[in-house]
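Chemist: Given the coordinates of chain A, assemble chain B onto it according to the supplied hints.
Residue numbers (our numbering), protein chains in the order written: chain A, 680 to 1192; chain B, 873 to 1383.
Worth flagging that the hints you see were computed from the coordinates, not collected in a lab.
A couple of the hints might just be wrong.
What the hints assert, rightly or not - Restricting the straight-line Cα-Cα distance to at most 20 Å, the calculated cross-link-like pairs of lysine to aspartate or glutamate (EDC-like) are:
no., chain 1, residue 1, chain 2, residue 2
1, B, Lys1227, A, Asp1082
2, B, Lys1220, A, Glu865
3, B, Lys992, A, Asp727
4, A, Lys741, A, Glu721
5, B, Lys992, A, Glu778
6, A, Lys936, B, Asp1059
7, A, Lys958, A, Glu974
8, A, Lys924, A, Asp1181
9, A, Lys924, A, Glu1024
10, A, Lys1007, A, Glu749
11, A, Lys742, A, Glu1024
12, A, Lys859, A, Glu979
13, A, Lys1007, A, Asp776
14, A, Lys1094, B, Glu1127
15, A, Lys920, A, Glu778
16, A, Lys846, A, Glu828
17, B, Lys1015, A, Asp776
18, A, Lys924, B, Glu1226
19, B, Lys1015, A, Glu721
20, A, Lys924, A, Glu955
21, A, Lys1001, A, Glu778
22, B, Lys1170, B, Glu1045
23, A, Lys1007, B, Glu1264
24, A, Lys923, B, Glu1226
25, A, Lys1001, B, Glu1264
26, A, Lys924, A, Asp908
27, B, Lys1220, A, Asp927
28, B, Lys1220, A, Asp727
29, B, Lys1227, A, Asp927
Bear in mind that the values here come from a model prediction, so they are computed numbers and not experimental data.
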Amino acid sequence: MKKFLALMLALVMILALAACKNSGNESADPTEAAQPGDQTGELAGTYDIKVWVAEAAVDLTKKQIDKFNETNTDGIVINATIDAVSEADAGTNMITDVEAGGDLFCFAQDQFARLVKASALAKLGVSAAQAVTEANDPGVVAAATVGDELWAYPLTSDNGYFMYYDKSVIPESDIDSMEKLIADCEAANKYFAFEMNTSAWYLASFFFATGCKSEWTTDDEGGFESVNDTFDSPEGLIAVKGMKKLVDSPCHLSSSKASEFASGAAIVVTGTWDYETAKEALGDNMGVADLPSFEVDGTEYHLGSYNGCKLMGVKPQTDAKKGAALHKLAQYLTSEECQMERFNELAWGPSNKNAQASEAVQANPALAALIAQAPYSVPQGQIHGSWWDIAKVIADDVKAATDEAGLQAALDNYKAKIDGLFNMSDDEKNAWSVIGAICGTNWDTDFDMTETESGIFQSEPLELHAGEELKVRQGKSWDVSFGNGAENFVVEADGTYIVQFDSAAETVTLIAQ
Amino acid sequence: MRKYSDVEYLKLSKSKRFLYRFLSFFAGIPGAVWGFIKKIGLAVKGGVSAVGNEFKDVFTTFKNGDWKTRLSYLIMGFGCLARGQILRGLLFLLFEIVFIIYMVVAGAHWLSLLPTLGTKGPSVEYNAVYDQYVTTYNDNSFKILLYGVLTIFFIIAFIYTWRVNVKQNRIAEGILKSGKKLKSGRDDLRSLVDDNFHKTLLALPLTGIIIFTVLPIVFMILVAFTNYDGSHDGYYNNLFTWVGLDNFNTMLSWEAAGGGQSYAATFGEILSWTLIWAFFATFSNYFLGMLVAMMINKKGVYLKKVWRTILVMTIAIPQFISLLYVSKMFAKNGIVNGALLDLNLITKPLPFWEKAGWARVMVILINIWIGIPYLMLIATGILMNIPADLYESAKIDGASGWQQYRKITLPYMLFVTGPYLLTSFTSNMNNFNVIYLLTGGAPTNSAASTAAGSVGYTDLLITWLFKITTGPEAQYYMASVVGIMVFVVVAVISLIVYNLLPSVKNEEDFQ
Chain A
680 MKKFLALMLA LVMILALAAC KNSGNESADP TEAAQPGDQT GELAGTYDIK VWVAEAAVDL
740 TKKQIDKFNE TNTDGIVINA TIDAVSEADA GTNMITDVEA GGDLFCFAQD QFARLVKASA
800 LAKLGVSAAQ AVTEANDPGV VAAATVGDEL WAYPLTSDNG YFMYYDKSVI PESDIDSMEK
860 LIADCEAANK YFAFEMNTSA WYLASFFFAT GCKSEWTTDD EGGFESVNDT FDSPEGLIAV
920 KGMKKLVDSP CHLSSSKASE FASGAAIVVT GTWDYETAKE ALGDNMGVAD LPSFEVDGTE
980 YHLGSYNGCK LMGVKPQTDA KKGAALHKLA QYLTSEECQM ERFNELAWGP SNKNAQASEA
1040 VQANPALAAL IAQAPYSVPQ GQIHGSWWDI AKVIADDVKA ATDEAGLQAA LDNYKAKIDG
1100 LFNMSDDEKN AWSVIGAICG TNWDTDFDMT ETESGIFQSE PLELHAGEEL KVRQGKSWDV
1160 SFGNGAENFV VEADGTYIVQ FDSAAETVTL IAQ
Chain B
873 MRKYSDVEYL KLSKSKRFLY RFLSFFAGIP GAVWGFIKKI GLAVKGGVSA VGNEFKDVFT
933 TFKNGDWKTR LSYLIMGFGC LARGQILRGL LFLLFEIVFI IYMVVAGAHW LSLLPTLGTK
993 GPSVEYNAVY DQYVTTYNDN SFKILLYGVL TIFFIIAFIY TWRVNVKQNR IAEGILKSGK
1053 KLKSGRDDLR SLVDDNFHKT LLALPLTGII IFTVLPIVFM ILVAFTNYDG SHDGYYNNLF
1113 TWVGLDNFNT MLSWEAAGGG QSYAATFGEI LSWTLIWAFF ATFSNYFLGM LVAMMINKKG
1173 VYLKKVWRTI LVMTIAIPQF ISLLYVSKMF AKNGIVNGAL LDLNLITKPL PFWEKAGWAR
1233 VMVILINIWI GIPYLMLIAT GILMNIPADL YESAKIDGAS GWQQYRKITL PYMLFVTGPY
1293 LLTSFTSNMN NFNVIYLLTG GAPTNSAAST AAGSVGYTDL LITWLFKITT GPEAQYYMAS
1353 VVGIMVFVVV AVISLIVYNL LPSVKNEEDF Q
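Chain A extracted, bound-state conformation:
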C-alpha cells in the first residue's frame, strides 16, 4: 500500500511539473510615482506567517503579536505560527533551507553576514531604516548594517560576556586577577569555566586584552573583501602566553554554561542569558563581575570581550504587500515597548536608546557587569563565518605548545588560515591587473595583465575612450596601485590600447594597436 501511495505521489509530481515550470511572481508596478520612504500601499488583510524565536521568548512573542493585531492602524491581522529556534541555530537553519525558514526570525549577530550573503534577509525599506537608526544605540545599528544599508532589526544589545563566581570559594579581593582566581580554584579543587577550545567568541577575549584586532570589511552583498587582523603579532604572543596560563591549569574547563556551577565550577564566564541559572545554582553566593586581568612580563592586561547583539530579520518576500506587513510587525516587535517587556520578563538587555536609559535596566546586576566590562569590549562587526572555526583552534594549539616557538606556531597557523580564506596564492597576490571606469565597468572589474618581459606587464587590447580613468594594481587590492603617479591615469584619445606597466619605473603607458 505504501509503495502504491508512493507511486501515486510520483505520478502527481510528474503531472505537477507543468505547474512548477513558471511560478509567476506578482509585484506591484514599481514605476508608480511615489517618494522613497512614503508607503502608500494598502496593507489591510490577514497574513499567515511563521516566526522563529528563542524558546524562552515564545509565549511573550505570542502576546506581543496579539497586541500588534489589536493596536496597528493599517488593518493588518497576523496569523502567526511561532516555533522555538535558538538564536544560535537560526542562521544555519535559514541558509540550509530558505523556503522552510521563518518569515521573521531572531538570530545572533555572528550569523548576520552569512545570512545577507545567502540572500536570506530582506533589506529594510527607507522609512523603517530611518526609524531603526534613530531609536537604537549606534553600535547595534552598525551591527545590522552591510554596505550602507540596514538588513535587520536590533533586538537586544547584551551579547557580551563577563564573569559569574561563587563567593564562598572566591574572595572578593581576588576577582581582578586571573592568576589569583586560578590559584583559588586549584586550591579548592574547583573549576574555572571559560570556553576556549570550542568557541572563538570567548577565546578572542585574550587577544582584545592586548589590543589585537580582527576587523573585516564586506561588500554590499555581504561578501568579505579583506581583513585587518593583528592576532599574529607581538601583542598576540602576549595574549597566547596569558591564555596558556589558563588552559594549562588543571582547573580550567572549556565551557560557558552556568549549569557547570552544579558540577564543580567556581567561576563561569558567560552572559546575561545565564543570570537565572547562575542565581538558582549559587543563591546568595552568586557574584557578578567584569573579567579579570592577566599578567605577562610584569604588565597587567584586562581581558576584553565581544560586545554584540541579537537581531530580528525578515525573510525576502516575493509579495510586496506581505513584505511590508512583515516589516511593520518586525518594527513593532523591536520597539521600545516590546524591548522593555522582554527586559522585564526575560532580562534581555535592550538596544533601544530610551530603554537603555531607564532606571530598571541600569539597576540590573548582570547588565551592570556588562557595563563594567564595556570599556574593555570590542563591538562585534561583521565577521567571516569561517573565522569562528579557524580561531577556536588556537586554544588547542596553545595547549599543545611547549615553548614560545610553539605559541608562535599556533599564531602562524591561524594567520595562514585567515589568508587562505581569500584564496589567494602568492602568484595571485603578486599579479597585476587594470581596473577603472573602462569597457563598461565601474572600478569593479579587474583586467588581468601578463608579464611579457621581466618587470613589464601588459593587458589584453582594451577599447578605451577619451577621459576614462584607470589604474594598475597588485593582488586585486589597493595596497599597491599606480596610475599617473598616485593619481588615476586618464585616457587622452579613443582607441584600442594595450595597457603596459613597468614595475621598476612604476609607470603606466598605453600602447595603441
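Modeler: This is chain B only, laid out in the frame that chain A set:
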C-alpha cells in the same frame, strides 16, 4: 617463480612454507590484475555486442516485417491494435502519448536547461509603493538538476518500452505465421496472476526503488560535479553550475588548501584513522563478544540468564542517551574524573577527550562496551550449535583448550559469521553515531581544519562529510565527493574481503 606441488610444499619447514606463501602471494599479483582487466574487457565486449544485437534486431524486424510492424515504429502499439491485441496496443499508445505530452509540456524545458543548470538568478528591486525591497526568483538549479535527471530516466524508460513494442511485433508476426493464435487482453491479464506473477509483485517495489533510491543517488553523485554550496544554493542567492572534475581534483590534490594542509593529506589522515577504527571496532567486539559468550556458556557457571540480561541492557537503552551520557561521564569535570580526584588516585583530571591518543582509545573502548552484547547474542546461538562430539573426540586426542578453540570453535564461528564480520566492518567505517555522539570529532586537528569546516582526530570520513555539509560554507559538492570516495573505499574492501571469506571460498566445509 616455480609453483611447488603439494608433496614438495609439505616437505618444507614451517618458516620456508611461510616464505613460499608470502612470495607466491606477491608473484600472483600481476596475474590477478591481468585477469581482472581481462574480465572487464570481456564484460565491455559482451555489453557492446549485446547493444549491437539489439540494433540489428530492430533493423531486421523492420526489414522483414509487414506494414503493421513498420508503422508501429512510429505509432507504438499500432501492430498490436491491428492484430487484435487491444489491451497491449492501448497501453503502448497511452505510454507514447503521455511521454510526448510530458516532453512538450515540461521535459524539453528541463532538458534544455540541464547543460547550464539555469541562466537567470534571482533579482531584488525596490518597490516604492510599499517602501519595500521585493525579490523575484527565477531559474532554480536544484529543480533543473532534479527534473532533468527525472526526464532522462523517463526517456530511458521510453526507449525501453519502444524496444519492447518492436519486439512484440516480431514475436506476434512469428506466432501468426506458425498458425497459432495471439494472446488476448484477457489472457494477458490472467497471466499477470499466473506465469507472469513475478512481474506483478515486483512492479511496485521496482518503481519505488528507482524513484526513491536510484534517482536520489544519481542526483547526489551529480552534485559532486557542480559547485552547489551555501553561497550557490541554486535559487535564493546564486545559481550553481557544472564544474566538471574540479572538485575531485581539489580532493586529490596535494596543494595546500585554505592555509591548512592539502585535501589529499587530510583525506589520507582521516581515511587511515577510519580504517584503524573499523579494524579495532570490529575485531575487538568480535573476539571479546565471543569470549564473553563462551564464558557464560561454560558448564558450571551460575545465573547465565542474569549475566546475559545485564549485558543486553546496553542494547535496550537508545545510543543517543547512553553515548551522550558516557561522553559527559568522561568529561574533564565529569563523574569519572570527580571520583578519581576524590579518591586521591590522581591529582589533576585525566584528558579523556582532550588528547588525540586518549580520545581514540576511549572511543574504541566505549564501542566495545556497546558492541559486545550483540556479538554475545549471535555467538551464544552459534556456539550451542557446534556438535559436542567434536570437542569430546578432541579431548580424547589430548587437545588443550586453546587448541580446541583454534581448531574447532574459531573456524566454525568464522565460517558462519564471516559475512557478518564484513558487514560490521563496513558499517563501522560509517559509524556516525558512536563518533559524533561521543566526541563530535574532538580534539581538533589544527592543520587539517580549513574554511570548509573543522576536522578532529577522531573524525571518520562520514563525520567529516557531515561537518563539510553543515560547515560555514556548506560545501555540498565536497561532501558528495567524500561520499563517492567512501563508496569506492568500502566497495573495494568489501569485494576483496568477501572473496577471501571461508564461507565463500570453502562452501562445503561445514555442510
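Chemist: All hints, please: hold or fail.
Modeler: Hint check results:
no. : hint                   : result
1   : B:Lys1227 to A:Asp1082 : 18 Å, holds
2   : B:Lys1220 to A:Glu865  : 9 Å, holds
3   : B:Lys992 to A:Asp727   : 29 Å, violated
4   : A:Lys741 to A:Glu721   : 25 Å, violated
5   : B:Lys992 to A:Glu778   : 19 Å, holds
6   : A:Lys936 to B:Asp1059  : 74 Å, violated
7   : A:Lys958 to A:Glu974   : 30 Å, violated
8   : A:Lys924 to A:Asp1181  : 52 Å, violated
9   : A:Lys924 to A:Glu1024  : 39 Å, violated
10  : A:Lys1007 to A:Glu749  : 14 Å, holds
11  : A:Lys742 to A:Glu1024  : 12 Å, holds
12  : A:Lys859 to A:Glu979   : 13 Å, holds
13  : A:Lys1007 to A:Asp776  : 24 Å, violated
14  : A:Lys1094 to B:Glu1127 : 18 Å, holds
15  : A:Lys920 to A:Glu778   : 47 Å, violated
16  : A:Lys846 to A:Glu828   : 46 Å, violated
17  : B:Lys1015 to A:Asp776  : 14 Å, holds
18  : A:Lys924 to B:Glu1226  : 17 Å, holds
19  : B:Lys1015 to A:Glu721  : 35 Å, violated
20  : A:Lys924 to A:Glu955   : 30 Å, violated
21  : A:Lys1001 to A:Glu778  : 15 Å, holds
22  : B:Lys1170 to B:Glu1045 : 73 Å, violated
23  : A:Lys1007 to B:Glu1264 : 87 Å, violated
24  : A:Lys923 to B:Glu1226  : 15 Å, holds
25  : A:Lys1001 to B:Glu1264 : 85 Å, violated
26  : A:Lys924 to A:Asp908   : 23 Å, violated
27  : B:Lys1220 to A:Asp927  : 11 Å, holds
28  : B:Lys1220 to A:Asp727  : 57 Å, violated
29  : B:Lys1227 to A:Asp927  : 13 Å, holds
Of the numbered hints given earlier, the model fails hints 3, 4, 6, 7, 8, 9, 13, 15, 16, 19, 20, 22, 23, 25, 26, 28; all others are met.
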